[in-house]
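Heads up: the sequence shown begins at 3 in our numbering, then just goes up one per residue.
Please keep in mind that the hints were generated in silico from the structure rather than gathered at the bench.
Note that this is a predicted model, so its numbers are computed, not measured.
Cβ atoms here follow ideal geometry from the backbone N, Cα and C, with glycine treated the same way.
There could be a bad hint or two in this list.
Claimed, not checked - Cβ pair distances, simulated, as ranges: (1) Thr425 with Leu1067: 32 to 42 Å; (2) Thr1068 with Ser827: 24 to 34 Å; (3) Glu867 with Gly745: 24 to 34 Å; (4) Met964 with Ile994: 49 to 59 Å; (5) Arg728 with Asp1044: 31 to 41 Å; (6) Tyr724 with Gly901: 35 to 45 Å.
What the hints assert, rightly or not - With a Cα cut of at most 25 Å, we get these calculated PhoX-like pairs of lysine-lysine: (7) Lys479 with Lys576; (8) Lys535 with Lys585; (9) Lys993 with Lys1054; (10) Lys912 with Lys1002; (11) Lys624 with Lys681; (12) Lys527 with Lys585.
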Amino acid sequence: MSDAEGNPLEEAEDGETEMKEEHPDYSEEEENVSQKSGDDLLPWRETQEEKEAEEEREGSLEEEEGEGNLEKEEGEGNLKEEEGEGSLKEEEGEGSLKEEEGEGSLKEEEGEGSLKEEEGEGSLKEEEGEGSLKEEEGEGSLKEEEGEGSLKEEEGEGSLKEEEGEGTEEKAEAALAEMVSGSQEEITGVSQQITTAMVSLEGLSSTDSESLMSENSPTIGRESEHSLQTESLSTLSSPSDYELALTSSEEKLIISLQKKMARLSSGELAQEKVSEPVKAEKRREKKVSYVDKGKEEELQPAAHTPAADKGSLVSTSSKDGLFQKDDGAKVYPLTMTWKFGWNSSLPVYYIRDEEQRVLLYANAHTAVIYNAYKNTQHHLRGHPNVISCMCVSEDRRWIATADKGPNCLLMIWDSFTGIPVHTIFDSCPEGEGIRAIAMTRDAKYLATISDAEIQKVCIWRWTLAAETPACTLDLPKEYGFQNYLIFNPTNNKELVSNSKVRAIYYLWYEERELLIHSAPLLTEKTFNKHVGKFSQSIFHLNLTQVLSATLEGKLVVWDVYRPPLSASTLPYIKPCKLVHLQKEGITVLTTVDSYIVTGDVKGNIKFYDRTLSIMNWFSNFKLSSIRTLSFSKTPATPPTEKSNYPSDCTLKGDIFVIRNFIIGTSDAIVYHLKADETKLEKLLIEPKEAICAISCHPYQPLITIGSSCGMIKVWDYKKKRYLFSRVFEKGLGIQSLTYNPEGDLLGAGFTEGTVYILDAMSLENGIPEPFNYSRTSVTHISFSHNSQYMATADANFTVAVYMVKVRHSERVWEYLARLRSHRQSIRSLLFGVHLDSNEPRLLSLGRDRLLIEYNLLGSYKNHLEVLDIHQTDQGNYPTCMIWYPPLTKELFLLISNSGYKVKLFNSTTKMCSALEAAVSLGGEDLIPFYGLVSGGREGKFYRELEDYFYYSQLRSQGIDTMEARKVSEHICLSEVPFVMRAIGFYPSEEKIDDIFNEIKFSEYVDTGEVIDKISLPDFLKVYLNHRPPFGYTMSSIQKNFDILGYTNSEGKKAIRREDFLRLLLTKGEHMTEEELSDCFATLLGLNPEGWKSEPAASSLKGPEVRWEEELPEEITAEIFVTDILGLTISPGFGQDAEVSEGARDV
3 MSDAEGNPLE EAEDGETEMK EEHPDYSEEE ENVSQKSGDD LLPWRETQEE KEAEEEREGS
63 LEEEEGEGNL EKEEGEGNLK EEEGEGSLKE EEGEGSLKEE EGEGSLKEEE GEGSLKEEEG
123 EGSLKEEEGE GSLKEEEGEG SLKEEEGEGS LKEEEGEGSL KEEEGEGTEE KAEAALAEMV
183 SGSQEEITGV SQQITTAMVS LEGLSSTDSE SLMSENSPTI GRESEHSLQT ESLSTLSSPS
243 DYELALTSSE EKLIISLQKK MARLSSGELA QEKVSEPVKA EKRREKKVSY VDKGKEEELQ
303 PAAHTPAADK GSLVSTSSKD GLFQKDDGAK VYPLTMTWKF GWNSSLPVYY IRDEEQRVLL
363 YANAHTAVIY NAYKNTQHHL RGHPNVISCM CVSEDRRWIA TADKGPNCLL MIWDSFTGIP
423 VHTIFDSCPE GEGIRAIAMT RDAKYLATIS DAEIQKVCIW RWTLAAETPA CTLDLPKEYG
483 FQNYLIFNPT NNKELVSNSK VRAIYYLWYE ERELLIHSAP LLTEKTFNKH VGKFSQSIFH
543 LNLTQVLSAT LEGKLVVWDV YRPPLSASTL PYIKPCKLVH LQKEGITVLT TVDSYIVTGD
603 VKGNIKFYDR TLSIMNWFSN FKLSSIRTLS FSKTPATPPT EKSNYPSDCT LKGDIFVIRN
663 FIIGTSDAIV YHLKADETKL EKLLIEPKEA ICAISCHPYQ PLITIGSSCG MIKVWDYKKK
723 RYLFSRVFEK GLGIQSLTYN PEGDLLGAGF TEGTVYILDA MSLENGIPEP FNYSRTSVTH
783 ISFSHNSQYM ATADANFTVA VYMVKVRHSE RVWEYLARLR SHRQSIRSLL FGVHLDSNEP
843 RLLSLGRDRL LIEYNLLGSY KNHLEVLDIH QTDQGNYPTC MIWYPPLTKE LFLLISNSGY
903 KVKLFNSTTK MCSALEAAVS LGGEDLIPFY GLVSGGREGK FYRELEDYFY YSQLRSQGID
963 TMEARKVSEH ICLSEVPFVM RAIGFYPSEE KIDDIFNEIK FSEYVDTGEV IDKISLPDFL
1023 KVYLNHRPPF GYTMSSIQKN FDILGYTNSE GKKAIRREDF LRLLLTKGEH MTEEELSDCF
1083 ATLLGLNPEG WKSEPAASSL KGPEVRWEEE LPEEITAEIF VTDILGLTIS PGFGQDAEVS
1143 EGARDV
């Protein structure tokens, strides 16, 4: 129902400000606007063309019966071709071209030129001198150029042309008869007609598009009588256009017809071809086609895609195929089954209405097609980054999505099957991504605007599987970031975009591969009033103007000037008028049927006619700011006695008939409005900001999500049903959520430090007042196994503990103590159970690599006692921690770190153990481990490892021993570090200790024995578990030099020799002087036998080997790697290059 509030029309009349030039008043009656609409067309109609048109009408051709009979009966024109006999008739304003035996019909009805499809749905397209039949004043009269007429057909497309001084009646009849008879043989053998080659708007040249007007636009003079229609149709301009409209079997017939016509053209009609270009150019400027509004849906061209071949899923699919349930479909681990939430900054599209209510929206990297009736989703996956923009075709068949970020993609999907029919990988070679996207009405072209500092506008012929744009245009910085883009719905060559400060009009000259633009600058002096920031722009329904909405509730009207091709000036737009349309800022501007529709910041939706007079509005729903409006593809149901359409705002109070539509608001709610009953229904209720917390119920299929906007929402994840939610007051953003083990309480931590304990089923407060002991965001919440304790961690590295007390026979939660126990952010907070009792234990893990356990029994009010501190890592930092399932006799903590490693720590001794999950995932024995080394079991690396393994046995027994050798399958533990280093892995001393402990105590729990040797298979497992996942890279080594070094004269980071040696002796796992001397003597080749090559050998002393002199005075990362360590740097990878020993590919 519309509200009885003040008519915004009055505001428009009072608030509009005009330029000094004379322009129409939008608040005046239809007649005044009609006159202006005609005037807008006059600048691009040449006087010479009007004279030629007069001469043509005066010298119209009269043909005798039997020779191309021209008859006028009740204003109708009918052109028939029957077995070589051509007769031209005009009947009831209809010009129809019928081809019998070939069964392709072209009918033009009531002067509106509608195409009809018969039996084979074959239609004959005519374009630019290849078959244009012009009708004037609804009588379908045949136009002639300068009193000369000839009948000619080129390239099999049946073009009727009348040429200068060479077209006699007899010649026209003969040419037509020969063409028909020559093609009869091929046409008759075809069982079906040629599939309809749909007439598209984009085939028009720029001059053709300028002759288009709205169906309700008035007529001015004789010229406008021939150019007023709802839509303009064009024809195929080249053989490549046929490929978009015809199936493969029918293409062969078209090609054969083209060859036949080519032979005719090169033979009998060769002389007419000489003067063709001159006349064809003039006809292009005058050519107009017509279409009946009622046939608009029927005539919508179906774009041919690379995937739409015969027999493919795309070509054989139906609308209902996407959501047909496949009970036999397998669900694999990590298969995506549902997406919660939607990106409210992007639009929601109404894909299908009718029997299904299907929406399209974006969710992070995925586009979601959601059936609201069936409560099912289909996911369009493939983007490597978050989707930044999307659009759909007019018929809702084709979907285009784009993202921004590294390796960004532009993808086109079939909405019937969910199949990606085309992907453009290099849409933005610089990697910045796409900011705005638009698709033409017939879905044949895409336009994109990049997200770079210098934005680039590109137009893509995606139906031809083109990987490069048809044309591009770089926009200057002063235009601002263009974030909205739309095509002219009646002309594929015109676009408009806008940023907050500038609107841009584009015209694409396809033949010249040129995209020109006009971007006038608006200032305060333009209208002597404040304009405001632009939100969206559209083409006006009269086709001669562009409208740009602002956040001040105003509408900037731009006049579009389209000079002819022969003119020296280029098309441009000029500000015409500033209309103060409404008080509220306009956020959405679109059109539907004959209405201009706005959505504003107050949640109002208003409908205006083409004169900007308000027709109806919806404001009683009390919605938040409108973000998107999408109308159903299905036209509105005509009113009946049972209809409940509202009345419009005119004095007559006519019934206001509008399509059903989707509303998306800024608070991330999607509504469906049924216009017949003015019934508003909520389809999606989602958080409007990022989801920061998630928790699953311990035993019910419930998932709870928390958003930084303050919303807590509960879903049934089995039935995919939204259950209930709560939105907290402004400023309270959810940061953490956790259920207690019984599932009756829900702990919630907020961004400003507040902690709530809620009832899990109602989300009502479970405590009288929330806890507020933290000054920063609460990042973690955890409950003990008996729900007696609750612990929180905040962004200030502090752990706080709360416990249950009995007060007056009631259980109440009270604050116990808090401690700033970590130096960096806390990554995990866990409760556990002591092995020797049922008492809870609390542990925290920080980015400072500390695992801290607290003594809960020893803690008291305002004092939290620490029980144990253990360092988990050296170089990498931990990311999270959980309890390992009780699969063994020991109790383990599972900790992952930034080095892509997962470690098992004994919860009592804190000793690290191995994790052999790869065995169950990849096979038995060593099969999964062989696949993790270069070359596998038979590769060079593994053979080299075997050599080192057995050489280590010789070394441990003594190189020079004369005793009998004992070959074994094991080596002692002391040899493990040397073999590790020999194959390119250089573990730290702490890492070596972890490896030793892992091997020693691997069987201690089961057998009570300590292992002192290791076999080759076990050694391979240990190596793979501890080696760096990506090897050693120059970037990691250079990072250390950046921290420790200084900038030398060459601009590189370097370390002085004395500082380098001092660091090795005093910092980190520092070396002794003896170890340092032996190490450098070996690296520099001063110790021929190697560093302690024999276990019993003594190393050379410093005084005996002066290795310091061999080191350069300053050491860079490159010198350290190549000259000192003797490693090689893999070429071609820059700072990410891998360093390894030259003879090995490790």
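Quick rundown of the hints versus the structure:
no. : hint                            : verdict
1   : Thr425 with Leu1067: 32 to 42 Å : 57 Å, violated
2   : Thr1068 with Ser827: 24 to 34 Å : 30 Å, holds
3   : Glu867 with Gly745: 24 to 34 Å  : 30 Å, holds
4   : Met964 with Ile994: 49 to 59 Å  : 32 Å, violated
5   : Arg728 with Asp1044: 31 to 41 Å : 49 Å, violated
6   : Tyr724 with Gly901: 35 to 45 Å  : 40 Å, holds
7   : Lys479 with Lys576              : 21 Å, holds
8   : Lys535 with Lys585              : 14 Å, holds
9   : Lys993 with Lys1054             : 31 Å, violated
10  : Lys912 with Lys1002             : 15 Å, holds
11  : Lys624 with Lys681              : 14 Å, holds
12  : Lys527 with Lys585              : 21 Å, holds
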